[in-house]
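Peer 1: Build the full structure now, drawing on both the sequences and the hints.
Number of protein chains: 4
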Amino acid sequence: MAATPLTAEWSLRQRYLATRQVSESLCSPLLIEDYQTQSCPEASPPKWHLAHVTWFFETFLLKPYHDGYCTQFPGFDRLFNSYYESIGKFHPREQRGHLARPAVEEVYRYRRAVDHAMEALCDRLERTPDDHVLSFIELGIHHEQQHQELLCMDIKANFSVNPLKPVYRGDLPRRQVAATAPVQWHEQAGDLYEIGHAGPGFGYDNECPRHRVYLPPYRVANRLVTNAEYLEFIAAGGYGQAGLWLSDGWAHSRRHDWRHPLYWERDEADGWLEMTLGGWRALDLHAPVCHVSYYEAEAFARWAGQRLPTEAELEVVLAQKPLCGNFFDQGFLHPQPAAPDGQWFGDLWTWTGSAYLPYPGFRPLAGSAGEYNGKFMCNQMVLRGGSCATSQNHMRASYRNFFYPHERWPFCGIRLAADL
Amino acid sequence: MAATPLTAEWSLRQRYLATRQVSESLCSPLLIEDYQTQSCPEASPPKWHLAHVTWFFETFLLKPYHDGYCTQFPGFDRLFNSYYESIGKFHPREQRGHLARPAVEEVYRYRRAVDHAMEALCDRLERTPDDHVLSFIELGIHHEQQHQELLCMDIKANFSVNPLKPVYRGDLPRRQVAATAPVQWHEQAGDLYEIGHAGPGFGYDNECPRHRVYLPPYRVANRLVTNAEYLEFIAAGGYGQAGLWLSDGWAHSRRHDWRHPLYWERDEADGWLEMTLGGWRALDLHAPVCHVSYYEAEAFARWAGQRLPTEAELEVVLAQKPLCGNFFDQGFLHPQPAAPDGQWFGDLWTWTGSAYLPYPGFRPLAGSAGEYNGKFMCNQMVLRGGSCATSQNHMRASYRNFFYPHERWPFCGIRLAADL
Amino acid sequence: MAATPLTAEWSLRQRYLATRQVSESLCSPLLIEDYQTQSCPEASPPKWHLAHVTWFFETFLLKPYHDGYCTQFPGFDRLFNSYYESIGKFHPREQRGHLARPAVEEVYRYRRAVDHAMEALCDRLERTPDDHVLSFIELGIHHEQQHQELLCMDIKANFSVNPLKPVYRGDLPRRQVAATAPVQWHEQAGDLYEIGHAGPGFGYDNECPRHRVYLPPYRVANRLVTNAEYLEFIAAGGYGQAGLWLSDGWAHSRRHDWRHPLYWERDEADGWLEMTLGGWRALDLHAPVCHVSYYEAEAFARWAGQRLPTEAELEVVLAQKPLCGNFFDQGFLHPQPAAPDGQWFGDLWTWTGSAYLPYPGFRPLAGSAGEYNGKFMCNQMVLRGGSCATSQNHMRASYRNFFYPHERWPFCGIRLAADL
Amino acid sequence: MAATPLTAEWSLRQRYLATRQVSESLCSPLLIEDYQTQSCPEASPPKWHLAHVTWFFETFLLKPYHDGYCTQFPGFDRLFNSYYESIGKFHPREQRGHLARPAVEEVYRYRRAVDHAMEALCDRLERTPDDHVLSFIELGIHHEQQHQELLCMDIKANFSVNPLKPVYRGDLPRRQVAATAPVQWHEQAGDLYEIGHAGPGFGYDNECPRHRVYLPPYRVANRLVTNAEYLEFIAAGGYGQAGLWLSDGWAHSRRHDWRHPLYWERDEADGWLEMTLGGWRALDLHAPVCHVSYYEAEAFARWAGQRLPTEAELEVVLAQKPLCGNFFDQGFLHPQPAAPDGQWFGDLWTWTGSAYLPYPGFRPLAGSAGEYNGKFMCNQMVLRGGSCATSQNHMRASYRNFFYPHERWPFCGIRLAADL
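Chains as they are written, first to last, in my numbering: chain A, 7 to 426; chain B, 7 to 426; chain C, 7 to 426; chain D, 7 to 426.
Think of the hints as simulated: they come from the structure by calculation, not from any bench.
Be aware that a few hints might be false.
Because identical chains share one entry, a pair is satisfied inside a single copy or across any pair of copies.
Stated by the list, open to error - Calculated pairs, DSBU-like style, for lysine-lysine (alpha carbon to alpha carbon, straight line, at most 30 Å):
(1) Lys327 with Lys95
(2) Lys171 with Lys327
(3) Lys171 with Lys95
(4) Lys69 with Lys171
(5) Lys327 with Lys69
(6) Lys69 with Lys95
If you're wondering where the values come from, they're calculated on a predicted model, not measured in any experiment.
Peer 2: This is the structure we're talking about:
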């Protein structure tokens with residue numbers, strides 16, 4: 007986490023409260039029953055997310071830095087610790103859905119209590135600024151923003167398995183286009199570049215230190231692969247040709263009988279349907295293909311005679327583009343067709359061909375916060391650019407997201423690249 | 007299902023309504039969140055139970071016999087069909103906990119709608135009795151009573167996994183005794199006996215036909231094995247001696263590291279604690295040992311130099327005893343110490359040494375109801391006598407309950423027997 | 007194990023040597039490589055069988071009763087103990103195929119050494135008879151005969167998985183018939199019968215004590231179900247109709263995608279082929295259907311409007327029949343079409359509808375030999391009558407074989423029965 | 007595969023024959039039984055290796071390029087195809103140990119037949135050189151050398167699981183030293199370097215193309231971590247401290263209860279023992295720690311305050327060192343203590359912190375040979391430098407080996423590095 011220059015502590019308090027409010031707004035369409043569900047081991051119940059991000063503030067801010075703070079919620083430290091071994095034991099992830107208690111109402115009480123204490127802490131920091139503590143509040147805010155995206159992913163997963171086809175939000179807007187503009191290629195000369203975070207502004211420890219990388223000349227597509235393009239891959243038998251796939255990907259796709267992206271369904275009458283946070287919809291051929299694994303992205307790229315970009319290649323390009331796009335803030339909560347001049351940030355996280363590994367000279371944060379990112383640097387792939395479920399002020403060109411290559415429930419898609 | 011003489015149709019309607027009411031009373035201490043949880047694959051969420059028993063009446067009574075009935079709840083036929091292959095596809099059992107919808111409120115609406123139609127059907131039957139239809143109402147009532155016991159079991163399981171140790175009902179009574187009376191043995195001469203159901207009153211198809219069995223002379227204990235007696239088995243190293251166990255039981259107990267019954271916990275300060283529907287309590291040494299598997303029951307009996315009774319042996323004895331004991335109706339919802347003159351019915355289902363198999367001449371019910379019992383006649387063991395979670399008017403000497411030999415979440419215990 | 011009258015100890019020695027010789031003859035067509043293979047967890051490598059039966063004599067006879075006996079094969083006690091917990095630790099069953107050593111030659115040396123000592127023990131018993139020791143030699147002989155049948159089963163399993171389709175013995179005879187005689191029903195009046203072993207001659211502990219059972223009137227088919235009859239079941243969609251199956255059987259058959267008996271293969275040109283110890287053959291429509299599980303047997307019987315016999319029903323009938331049939335001794339090593347007057351013993355073990363449970367008054371053998379049979383009395387089904395891989399002098403009407411209901415690699419088949 | 011300059015075709019034939027001979031020498035201490043065993047899914051039976059490398063020559067050389075070649079071994083194409091989807095179906099890897107046939111003798115006949123034809127092909131190439139075909143012979147030779155190392159690994163694995171503790175070769179030499187020299191650090195300045203294969207000589211496709219990488223200044227240890235050093239990690243509780251481990255590594259090590267490297271055993275009397283191809287030996291404190299996973303290597307490095315080198319860092323240093331060390335050719339078949347001036351090549355493959363991914367501009371070989379390396383570029387880590395089981399003429403600085411991060415049966419060890 008880079009040092010965070012905070013011009014005025016009151017704005018941090020405002021940002022804290024606004025961020026907290028967003029999480030709760032996200033849950034406002036939910037019934038109590040919806041808060042409780044964990045439809046797959048890698049997802050978590052919405053209730054758990056709301057409590058965990060609160061636990062994060064309590065654990066990393068209130069307990070160490072707020073004099074006299076004493077939790078009124080015994081047992082929550084174990085239930086809502088996600089994976090911090092240095093803090094203590096934690097409830098097994100895949101059993102989070104078995105926890106009927108605390109009730110949703112109790113979780114909101116927990117949030118209120120922590121918010122109240124956090125506001126008092128902010129008051130104190132206003133009088134006596136402390137960069138170290140402030141940087142942890144900043145971390146907590148970004149942490150909660152990450153969980154807002156996870157809430158979108160997990161709510162979608164939970165709604166998707168229900169044969170009654172419930173709709174999370176029936177009022178989501180859509181952008182209609184008549185045609186998809188052809189890909190334009192951003193060409194980049196071979197050179198020694200710098201990547202990584204060096205401020206100003208917040209960055210996670212895993213984006214540091216900024217460092218040099220040599221890149222041969224390459225090009226990157228200015229928009230994501232569309233559903234229409236992906237349907238060509240399907241029609242060409244892409245899911246049945248071992249030669250297009252990584253060995254592990256082929257084995258996984260056979261074992262799970264993959265024949266299309268997650269959340270698709272073939273309807274006799276209506277053709278391809280796609281499950282969205284706005285309900286089941288006819289597949290929009292101009293929108294980017296969504297919820298494909300790294301294995302599928304990599305196979306598609308091979309079939310298309312291209313490849314995926316590396317994370318360095320993509321960062322170098324993204325750093326040249328304005329930080330705008332279809333983010334959570336736009337309110338679509340689903341990827342939309344690219345604008346004629348392309349789509350760089352937002353819509354969908356782009357799978358890169360880079361394994362998630364430490365940068366040269368990487369140092370995790372001191373203390374328990376060091377478990378935030380560093381211990382996951384194995385077996386996962388990097389994704390870049392943010393999605394329609396990412397807050398715009400949470401994003402930057404150097405941001406490194408990461409998932410296992412078989413995972414499909416994130417808002418992730420495909421962007422092509424090639425050598426020049 | 008034996009023919010059921012119904013003296014007056016209004017009493018059936020009353021029994022219908024009273025039974026329906028009991029299920030809802032059972033759920034009245036629950037929060038919405040509690041209705042939703044499935045903490046292990048073999049249990050079901052309380053919400054699912056409430057809907058499934060309703061589906062049973064809708065499917066077996068309203069759809070075939072109530073003119074013009076048209077369900078207002080599309081999709082429920084698939085969600086709430088438990089396992090009736092001849093009726094259609096059903097949602098996988100282990101995924102019942104993933105179904106946030108229908109909401110609890112919607113399930114209660116479903117119940118109201120079905121109750122309303124059932125009352126109309128009862129009206130019609132009052133005017134035009136139809137033994138066949140009446141016998142299915144009787145079946146549906148007993149079916150719902152079975153699920154009331156499952157509700158007790160599953161609520162207990164769900165509450166047990168929560169580290170916050172929530173309490174289902176804090177007001178449950180207990181019977182305190184100063185000592186356990188020594189076992190008295192009921193001795194039975196060897197002879198040709200008849201067992202099975204032949205009326206009057208209701209009986210499941212699996213209790214029929216009544217038939218002759220030859221039994222050598224034997225004796226059966228007049229009460230269940232107590233916690234104190236089971237602690238002796240533990241202290242003697244019973245869980246560590248392969249020679250006491252069936253081969254499959256030994257393998258299972260090693261794989262799951264069993265060292266005591268389900269729901270027990272050893273507390274440094276307070277000794278053995280036991281989780282009950284009234285919360286965690288110090289183990290009552292005089293109460294019967296509960297939540298042991300067939301494997302444990304069988305090993306205990308071998309260690310004690312005795313054996314388990316067969317189902318025929320037990321039925322012959324139970325048929326001589328008054329049908330009373332610690333049932334659901336008594337409101338303890340936990341096994342209680344035996345009265346000085348013993349305990350025959352209620353408290354805990356007694357594991358027998360009999361595999362669950364068809365009686366000679368067994369014929370399953372015609373139609374889909376034939377799947378109720380018959381298709382489970384393999385790999386399970388018979389239990390007899392009812393428990394503290396069984397309604398008294400649901401019980402009889404010929405009643406055959408059945409579970410897999412490794413299962414421990416039913417209210418089941420140990421009763422010893424021996425050859426004479 | 008019943009008391010065994012031995013008229014002359016030299017004959018026991020002769021029987022010992024002859025039995026030992028049969029095991030080795032069975033292996034004579036094998037290459038060293040064939041001795042080593044374990045193609046599924048429930049089978050054992052032939053080498054292991056040869057050593058284990060030798061270990062049995064060493065452990066139960068030589069070590070306790072042969073003065074000064076000292077094994078020259080350290081480590082074998084652990085490798086070749088099958089499952090006797092009271093004797094010590096044993097190598098995991100599913101890893102027997104990983105044991106390249108001892109070499110086959112070494113195992114034969116082991117056999118020679120134990121045979122040599124056993125002959126000396128027999129010499130001593132000739133001078134000083136000891137019924138207890140003699141009865142254990144008898145047990146060891148029967149034990150080795152059981153493993154001869156297992157050798158046939160396991161060799162068949164091992165050869166079956168090899169795409170090169172190797173043949174165990176190319177010279178096996180076959181009995182050709184032009185037609186299958188219709189089933190004749192043996193009818194038996196309802197009565198109180200006695201079943202179980204009471205001598206004379208050898209019997210396992212699980213066949214004792216002889217005891218009374220009441221049987222209602224019934225009938226049993228005089229021959230096994232044929233391949234032609236089973237093909238009708240397949241053609242009628244038997245493998246696809248849930249309603250014909252036990253619930254556990256349906257789940258198992260779906261999970262493993264069963265569509266026909268084990269060892270069958272559908273050839274485009276040649277129709278149904280069947281793998282036998284004599285190689286792959288066109289399916290003989292007149293021969294009994296073989297290698298079906300209890301689940302399949304039970305479903306077939308239901309489809310045919312009949313049922314499987316209970317073990318008591320079958321024993322009562324078998325006790326009236328001459329002890330002859332297609333046994334191991336006949337040298338077919340495969341079930342053959344029934345003779346016009348039926349087939350009662352041999353050919354294939356008949357699945358019964360009886361769970362494998364202790365008889366009333368059952369007492370296992372004292373000491374470690376008590377683990378031979380008793381601890382398996384759960385979750386398995388009884389089979390009766392012997393097979394083409396069973397030695398004739400190993401068989402009797404009271405013999406109880408047992409396997410899990412999903413197992414198909416034994417030589418087992420279907421015999422129908424019905425109530426009268 | 008880079009172009010391979012071949013000065014004279016007779017030398018290639020000689021190298022072919024010599025390589026073939028080495029594989030057979032490696033198996034000469036084996037009994038027939040040893041050829042057959044597959045003690046874990048990722049290992050293969052020695053017999054299978056001998057046949058598979060032969061299949062490789064038959065498939066990639068004889069069938070396409072040797073006129074009139076017709077295999078005399080039908081069925082072997084399926085049995086001995088390892089994973090080439092474009093060639094056809096193949097026998098499941100984890101079932102290779104179930105294949106008793108072809109017999110070992112038959113496999114040697116297969117080798118003779120293929121060798122005979124390959125010699126004829128070499129004759130023809132002598133008269134009419136063809137660089138493309140020659141390069142495939144070169145590939146086949148290197149392929150067989152890789153399998154020689156796998157033979158060492160798999161024979162070791164197979165012998166290790168046998169409680170009789172058989173010894174593969176009792177005559178292996180050992181190098182004894184009195185002390186371990188302290189680590190010397192090779193320091194390397196930060197700069198733009200070139201890595202990858204560009205000839206002369208053979209290289210796999212995955213080493214190409216040679217390309218530029220920027221490296222910050224760093225240092226690498228001149229020898230591997232020793233057993234003594236690793237014992238300090240164990241003594242310090244390294245296996246019990248979550249904070250030292252990657253998250254996936256911690257989960258894996260807990261699930262498999264790792265407490266020390268593979269093939270170690272703690273003996274009450276003799277202390278730590280280590281299983282080697284020369285049998286069980288007291289652990290040599292001065293020798294490098296062997297058979298640790300990437301997870302353990304990475305945790306050790308963190309504990310030691312260092313890190314693992316990247317593959318680029320290591321290649322840059324190795325390219326400066328003489329290509330000598332403790333290789334297969336030296337005949338130890340076990341890692342030996344470092345010489346006073348260090349150890350760079352040989353002894354043990356060094357785990358690097360680099361994921362196995364394509365180099366920029368990577369193109370797999372055309373045709374089925376393209377499946378050799380490229381499809382495995384996911385989820386694995388790169389190892390460098392060769393081992394005591396690698397032939398010296400198979401090694402080079404640019405060589406990229408790869409295994410999954412949990413795998414421990416390769417001859418792999420730990421080399422430390424750090425930033426400068």
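Peer 1: When no copy is specified for Lys327 and Lys69, does a C-alpha distance of 30 Å or less occur within a copy, between copies, both, or neither?
Peer 2: neither (41 Å within a copy, 54 Å between copies)
Peer 1: Since the copies are identical, ignore which copy is meant and state whether Lys69 and Lys95 lie within 30 Å (CA to CA) inside a copy, between copies, both or neither.
Peer 2: within (17 Å within a copy, 52 Å between copies)
Peer 1: For Lys171 vs Lys327, is the C-alpha pair at or below 30 Å within one copy, between two copies, both, or neither?
Peer 2: Neither: 39 Å inside a copy, 53 Å across copies.
Peer 1: Given a CA cutoff of 30 Å, do Lys171 and Lys95 count as a within-copy pair, a between-copy pair, both, or neither?
Peer 2: between (37 Å within a copy, 17 Å between copies)
Peer 1: Quick one: Lys327 to Lys95, C-alpha cut-off 30 Å, is that within a copy, between copies, both, or neither?
Peer 2: neither (43 Å within a copy, 48 Å between copies)
Peer 1: Have a look at Lys69 and Lys171 and pick one of within, between, both or neither, based on CA distance no larger than 30 Å.
Peer 2: between (43 Å within a copy, 24 Å between copies)
Of the numbered hints stated above, those contradicted by the structure are hints 1, 2 and 5, listed in ascending order.
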